[in-house]
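Chemist: If you want the building blocks of each chain, they are given just below.
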Amino acid sequence: AQRVTQPEKLLSVFKGAPVELKCNYSYSGSPELFWYVQYSRQRLQLLLRHISRESIKGFTADLNKGETSFHLKKPFAQEEDSAMYYCASRGYGQNFVFGPGTRLSVLP
Amino acid sequence: NAGVTQTPKFRVLKTGQSMTLLCAQDMNHEYMYWYRQDPGMGLRLIHYSVGEGTTAKGEVPDGYNVSRLKKQNFLLGLESAAPSQTSVYFCATTGSSYEQYFGPGTRLTVT
Numbered sequence: 001a002q003r004v005t006q007p008e009k010l011l012s013v014f015k016g017a018p019v020e021l022k023c024n025y026s027y028s029g030s031p032e033l034f035w036y037v038q039y040s041r042q043r044l045q046l047l048l049r050h051i052s053r054e055s056i057k058g059f060t061a062d063l064n065k066g067e068t069s070f071h072l073k074k075p076f077a078q079e080e081d082s083a084m085y086y087c088a089s090r091g092y093g094q095n096f097v098f099g100p101g102t103r104l105s106v107l108p
Numbered sequence: 109n110a111g112v113t114q115t116p117k118f119r120v121l122k123t124g125q126s127m128t129l130l131c132a133q134d135m136n137h138e139y140m141y142w143y144r145q146d147p148g149m150g151l152r153l154i155h156y157s158v159g160e161g162t163t164a165k166g167e168v169p170d171g172y173n174v175s176r177l178k179k180q181n182f183l184l185g186l187e188s189a190a191p192s193q194t195s196v197y198f199c200a201t202t203g204s205s206y207e208q209y210f211g212p213g214t215r216l217t218v219t
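Read top to bottom, the protein sequences are chains B and H.
Residue 93 in my numbering is what sits at position 93 of the first sequence, and the numbering runs on without skipping anything.
So the mapping is simple: my numbering equals the position in the second sequence, first residue as 1, plus 108.
FYI, nobody ran anything at the bench for these hints, they're computed from the structure.
Among these hints, one or two may not hold up.
With beta-carbon atoms standing in for the labels, derived distance ranges [what the hints assert, rightly or not]:
(1) H:L130 <-> B:P108: 39 to 45 Å
(2) H:G161 <-> B:E8: 39 to 45 Å
(3) B:L10 <-> H:V196: 28 to 34 Å
(4) H:G161 <-> B:P108: 48 to 54 Å
(5) H:N136 <-> B:E54: 35 to 41 Å
(6) B:Q42 <-> H:S192: 37 to 43 Å
(7) B:P7 <-> H:T219: 20 to 26 Å
(8) H:S204 <-> B:K15: 36 to 42 Å
Positions of the beta carbon are idealized from the N, C-alpha and C atoms, including for glycine.
Whole structure, please, built from the sequences with the hints as guidance.
Modeler: So, in structure tokens, the structure goes:
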């Protein structure tokens, strides 16, 4: 069965510091992985997906099949990055599995 | 172009009452999903649909029923609400790109 874990419930960093939000997955096949973000009082929205290899709002994520990880990184955090971040995977069919989420707080 | 909408936005039920949550989309997407969001649990899939007239169970389907009579609508029903169903419910759709588009959520409290 698919499973996505995010070990940190809350991550606090200072503005300008690097950020890494961890995500690990378990899936026997080749998963498709995503990061979604939920800003305060807004709906969830896609931040990035591993197959596009884009950098969105300065965030990047690399799929590491050996470590089954898809960590989200940003070199210099901004206060507007404060939000709830969810890692998700799409495995067989149209079934998506989300991690428990990490709340990022960027301090001034 | 409203995207994905949900009604109602808020609802308070008493234990044993029933209600239906409506999700509507104007994106012509085939796939629709209902999730519940609970603190520390993330989003958990309740039911989903891969097309008009089809439904399938997700991770936490017990106590819920769904119907997809029209492509643009996906209904989530609670026949006999329980306090454990207090949650925020999100509807989502997916097109060919597999990006999920979410509704604004429905906050349900069962007393």
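Chemist: Hint by hint, which ones does the structure fall short of?
Modeler: Hints 3, 5, 6, 7 not satisfied by this model.
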